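Trainee: Chains as they are written, first to last, in the numbering used here: chain C, 159 to 409; chain W, 159 to 409.
Among the hints, a few may not be true.
Straight-line Cα separation of at most 27 Å, BS3-like style, residue types lysine-lysine; simulated pairs [what the hints assert, rightly or not]:
hint : chain 1 : residue 1 : chain 2 : residue 2
1    : W       : K189      : C       : K375
2    : W       : K362      : W       : K385
3    : C       : K385      : C       : K375
4    : C       : K375      : C       : K362
5    : W       : K189      : C       : K385
6    : C       : K362      : C       : K385
Derived list of chain W stretches under chain C, where covered just means 3 residues or more per stretch with a C-beta under 8 Å from a C-beta of chain C [unchecked claim]:
hint : segment
7    : 178-186
8    : 245-254
9    : 326-332
No lab work stands behind these hints: they were computed from the structure.
Source: prediction; values computed, not measured.
The beta carbon of each residue, even a glycine, is placed where N, CA and C say it ideally should be.
2 protein chains.
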Amino acid sequence: MSAEWQPVRQSRTHELVLERIEERVLAGELKAGDRLPPERELAPVLGVSRSALREALRVLETIGVLVSQPGRGPDAGARVVRNPDDALGRLLRLHFALGSYSLGDVLEARVVLERSSFATAAAHASAEDLDEAEALLVRMQEPDVGVTDFNDLDTRFHVAMARGSGNQLTSTLTSAVRESVRPLILQALEAAEDWPATTAALNKEHTELLRLVRAGKGAEAADLVEKHIRGFHGTLVDENAPDDRSEDADR
Amino acid sequence: MSAEWQPVRQSRTHELVLERIEERVLAGELKAGDRLPPERELAPVLGVSRSALREALRVLETIGVLVSQPGRGPDAGARVVRNPDDALGRLLRLHFALGSYSLGDVLEARVVLERSSFATAAAHASAEDLDEAEALLVRMQEPDVGVTDFNDLDTRFHVAMARGSGNQLTSTLTSAVRESVRPLILQALEAAEDWPATTAALNKEHTELLRLVRAGKGAEAADLVEKHIRGFHGTLVDENAPDDRSEDADR
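For reference, chain C alone in the conformation it holds in the complex (with noise of 0.2 Å):
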């Protein structure tokens, strides 16, 4: 009888449904492209409302593993995807928000997954990503780009970059983590004095490092986008920190 009490662990009926569709995707029996039963005949097939289904479909949609199917109705089934790029950085972006990492951590971590990103790419990247990436560049240089544009364009030369260094997950995760900042780098832009100087500046670092992943030059590269992320990114200012960093709130 000096066995502890354990308590029980009371699943939610939407969390089983989530746990039966992740089984099947786990074992490969839903891959990406198939279809769901409408939530009206998997419902019943399930032993559930269509309540406590739909709570997980929506779940799974949010993560990226399945897509409705809009203009069909209600019934029509949803698909599954993969499309985890979103997901990750809606998660990222709002535990950065709350705190869950600092502005710091977020920087570190973006020089060791680019740093690797660029030096595969120089070995690895295919000349249709080469070419993509020229292409965002000469848009960034533009005279008339403004903020927004130009940070969706910046993030996007550098998950080109990451995808062509082949790593789907490398280029994902870099892509988040970006993401996860995207207000403060917003509000640095914004902030700047001189806006034509400040993307020269950047432009002819996009520029050179394009050049050296070009001509297979990876080490260099991958020296020159960490000061290009620290340059900027340490300008960066996190106003919201939560002050509370250190306390446990997680349990």
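Guided by the hints, dock chain W onto chain C, whose structure is given.
Mentor: Relative to chain C, chain W alone:
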């Protein structure tokens, strides 16, 4: 009249609720530890049905931003937390199963993240982090440790070193990236012909890794952890790898 028609974006109610709550988090108005009003109060304030509100709350629970209050009835109001690790692990696990990334992508991402963690931990780890890693190592060396326990302790050892680097984001990513291939790691451990020899070899490397970190030898620790990861991870096989990986099933 040459402008192209753009499709109308069909925002669904739960997405609007999600955005409303996210805005508050991003603006710093909702912080970790804060409590949302009970569903029956919040739904009419937002002008939405309780089921739409609940769908949004489920999503936020799943990405580790909210916990509901078990044992206090459905009207107690969820609490804001920061618990990204499980959410990120689930997300990467599902997307790995769907073929969003390959086993090779996961291997290279682990090498990049953990080289950085070990190098930084050698300079910054607290005595507490190192003692935790040591205690995990002692448990991994117990003669009757089973496959699942060994793998859990092994993961916790690597995550403890990532936390020792002081970077919460890298630590979260290390944990999630490893979690994404957990079934394959378990399979490989179960298939080990000589279990005591396998654990002895892994633990010899763990012991040496900890020694290097304690001695402040970051560069050597980084090289050894790369060898350690490539050595074991290189034996993993993804039998369920989708053969349509190159197709675009995302849209």
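Trainee: Each of the hints needs a verdict: does it hold here or not?
Mentor: Results for each hint:
no. : hint            : verdict
1   : W/K189 - C/K375 : 45 Å, violated
2   : W/K362 - W/K385 : 13 Å, holds
3   : C/K385 - C/K375 : 16 Å, holds
4   : C/K375 - C/K362 : 17 Å, holds
5   : W/K189 - C/K385 : 33 Å, violated
6   : C/K362 - C/K385 : 13 Å, holds
7   : 178-186         : holds (count 5)
8   : 245-254         : holds (count 8)
9   : 326-332         : holds (count 5)
Comparing the model with each numbered hint stated earlier shows that hints 1, 5 do not hold.
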